[in-house]
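K.L.:
Here the protein sequences line up with chains C and A, keeping their order.
1 is the number of the first residue of the first sequence in our numbering; add one for each residue after it.
194 is the number of the first residue of the second sequence in our numbering; add one for each residue after it.
Incorrect hints may appear among the rest.
[Claimed, not checked] Pairs of lysine-lysine, BS3-like flavour, derived with a Cα cap of 25 angstroms: (1) Lys273(A) x Lys2(C); (2) Lys3(C) x Lys282(A); (3) Lys214(A) x Lys273(A); (4) Lys330(A) x Lys282(A); (5) Lys4(C) x Lys354(A); (6) Lys78(C) x Lys91(C); (7) Lys205(A) x Lys4(C); (8) Lys273(A) x Lys8(C); (9) Lys273(A) x Lys184(C); (10) Lys214(A) x Lys3(C); (11) Lys278(A) x Lys205(A).
I should point out that these hints are in silico values taken from the structure, not numbers from a laboratory.
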Amino acid sequence: MKKKTVFKWLNRFVTGVLMILLIGVAFLAVTAKLTGGDPQVFGYQLKTVLSGSMEPDIQTGSVIAVKPIADEQRGDLKKGDVITFMESEDKLVTHRIVDSKTTGNGVIYTTKGDNNNAADSSPVLAENVVAVYSGVTIPYVGYISSFAQSPNGSIAFLIVPGLLMLGYSGFTIWRAIRELDDQKNKPVDVPNS
Amino acid sequence: MRQSRLRKFKTKYRWFWFTTKIVLIWYALIFSTTYLTSNTAAVFTNSEESSGKIEAGFWEPEEFVLEFTTKGNQNIDACKSIEIKTIVKNNGPGDMNENGSFEVYYIAKGNPTKGAKDGVGTFESIESGKSTELTYKASKPGRYAFLIYQQSDSNLKLWSKEIRIDCGSGQEPNKSDQEVKEDESIVTDEQQGENTDTLNEAVENTEAHENAKEDLETKEEVVENNENNTETSEEEIENETNTEKEEEEIEELEGIEDETITEEGGGN
Chain C
1 MKKKTVFKWL
11 NRFVTGVLMI
21 LLIGVAFLAV
31 TAKLTGGDPQ
41 VFGYQLKTVL
51 SGSMEPDIQT
61 GSVIAVKPIA
71 DEQRGDLKKG
81 DVITFMESED
91 KLVTHRIVDS
101 KTTGNGVIYT
111 TKGDNNNAAD
121 SSPVLAENVV
131 AVYSGVTIPY
141 VGYISSFAQS
151 PNGSIAFLIV
161 PGLLMLGYSG
171 FTIWRAIREL
181 DDQKNKPVDV
191 PNS
Chain A
194 MRQSRLRKFK
204 TKYRWFWFTT
214 KIVLIWYALI
224 FSTTYLTSNT
234 AAVFTNSEES
244 SGKIEAGFWE
254 PEEFVLEFTT
264 KGNQNIDACK
274 SIEIKTIVKN
284 NGPGDMNENG
294 SFEVYYIAKG
304 NPTKGAKDGV
314 GTFESIESGK
324 STELTYKASK
334 PGRYAFLIYQ
344 QSDSNLKLWS
354 KEIRIDCGSG
364 QEPNKSDQEV
374 KEDESIVTDE
384 QQGENTDTLN
394 EAVENTEAHE
404 NAKEDLETKE
414 EVVENNENNT
424 ETSEEEIENE
434 TNTEKEEEEI
444 EELEGIEDET
454 ITEEGGGN
């Protein structure tokens with residue numbers, strides 16, 4: 001009897017979590033589609049960090065929340081801010097500002113990884129700054145996320161549980177059919193129930 | 194009836210539904226993590242500044258090539274501090290732009306290039322073809338060698354021949370300081386005397402060479418003048434004979450010049 005109540009509460013909890021997750025994912029997907037940009041969570045973007053150039057502040061394999069920055073604020077960053085910037089067309093880098101200079105073309109930042117012994121070779125134009133690090137990191141999730149995106153990760157995280165689920169449901173259906181057959185074989189039992 | 198059957202169904206397959214929910218949660222989690230972070234290429238660069246040197250080639254911007262011209266090992270018999278010397282020549286096409294520096298390595302026995310640095314010194318820049326003398330005050334008996342670098346910032350080492358200072362042949366190595374000092378003063382006086390003597394000799398020699406050269410040059414000029422004359426007045430046969438004579442003289446003089454040159458070569 002006690003076992004049954006524990007299961008009941010567990011079941012309710014799981015159902016609640018599932019509901020929240022489904023609603024949340026749907027909400028995120030819809031907002032991302034509507035805004036058109038990268039998916040955001042309450043105004044923050046999540047970035048996976050796969051190198052240790054900013055250790056110990058940002059650990060390798062963590063996910064960090066960065067706040068996208070408006071165009072007009074890009075020149076107002078201070079020394080010591082951690083920024084995410086476009087290093088090249090398709091490469092985002094998050095490093096700390098160690099120096100800022102105002103030139104005729106705008107503001108130029110010199111950046112450096114906390115764990116690096118030298119500043120980055122090429123300075124960053126203010127217009128290439130994408131976001132400012134908010135200080136929130138979730139350790140180890142980056143490993144999971146990047147693994148899930150790899151082919152092996154998709155197999156392990158999506159296909160294998162799917163197949164297991166399929167097998168389990170197949171087994172359940174088979175059991176149900178068998179029970180129905182049993183019930184047919186014992187028609188006397190039916191009125192009693 | 195229907196309700197009870199549904200309830201029965203529910204309770205019977207509750208584990209199935211439970212697992213289904215767990216799997217759905219799992220999928221939702223995986224989807225949200227990958228979806229939210231999928232568009233981020235926030236891979237961090239890690240640039241390391243190495244302190245190594247890459248030598249892409251070897252240039253000689255100053256185009257000087259130093260060489261030790263002192264042949265063979267020097268053996269010096271002394272028990273006190275003595276000035277050791279070696280001669281460095283600039284065999285390159287260019288002059289040295291800056292003063293050079295040298296190091297002196299010492300080892301009690303064995304190969305001094307494997308020994309410890311005993312001291313350093315400098316020498317003035319050497320013009321192309323000229324040579325200079327490196328001197329160093331050696332304080333104890335042993336094996337010494339001079340080391341110079343071809344370029345001030347390069348690692349091209351150039352070792353001199355070994356200089357051995359032996360304290361033998363009856364001399365006592367452990368003299369009292371006073372005696373040593375006295376000895377030193379005498380030695381330095383003697384050395385100075387010798388030096389001045391040799392210098393004087395050298396000066397005399399060079400002067401003699403220069404005089405001879407001047408003579409040659411003036412005579413050559415005369416010959417040239419004569420040649421010009423012959424060109425302008427070819428009819429004058431006497432002049433031709435004269436020039437022939439002069440040419441003979443020139444040939445003789447050139448022979449002399451060759452001799453002087455060889456002497457110079459031998460002298461070096």
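K.L.:
Taking the hints in turn, state whether each one holds.
P.N.:
Hint check:
1. Using a Cα cut-off of 25 angstroms, the hinted pair Lys273(A) and Lys2(C) is violated, with the two alpha carbons roughly 104 angstroms apart.
2. Note on Lys3(C) and Lys282(A): the hinted pairing is violated, with a Cα-Cα distance of about 101 angstroms set against a maximum of 25 angstroms.
3. Between Lys214(A) and Lys273(A) the CA atoms are separated by roughly 98 angstroms; this puts the pair beyond 25 angstroms, and the hint is violated.
4. For the proposed pair Lys330(A) and Lys282(A), the alpha carbon gap of about 21 angstroms is at most 25 angstroms, so the pair holds.
5. Only pairs whose Cα atoms come within 25 angstroms are accepted, and Lys4(C) paired with Lys354(A) is rejected, the gap being roughly 98 angstroms.
6. Restraint check for Lys78(C) and Lys91(C): satisfied, since their Cα atoms lie roughly 23 angstroms apart, inside the 25 angstroms limit.
7. For the hint linking Lys205(A) to Lys4(C), the alpha-carbon distance of about 13 angstroms falls within 25 angstroms, and the restraint holds.
8. Between Lys273(A) and Lys8(C) the CA atoms are separated by roughly 103 angstroms; this puts the pair beyond 25 angstroms, and the hint is violated.
9. Simply put, Lys273(A) and Lys184(C) have alpha-carbon atoms about 124 angstroms apart, too far for the 25 angstroms limit, and the pair is violated.
10. Distance hint between Lys214(A) and Lys3(C) is fulfilled; the C-alpha atoms sit about 19 angstroms from each other, no more than 25 angstroms.
11. With a C-alpha separation of about 107 angstroms, the suggested pairing of Lys278(A) with Lys205(A) is violated against the 25 angstroms cut-off.
Hint compliance for this structure: hints 1, 2, 3, 5, 8, 9 and 11 are broken, all remaining hints hold.
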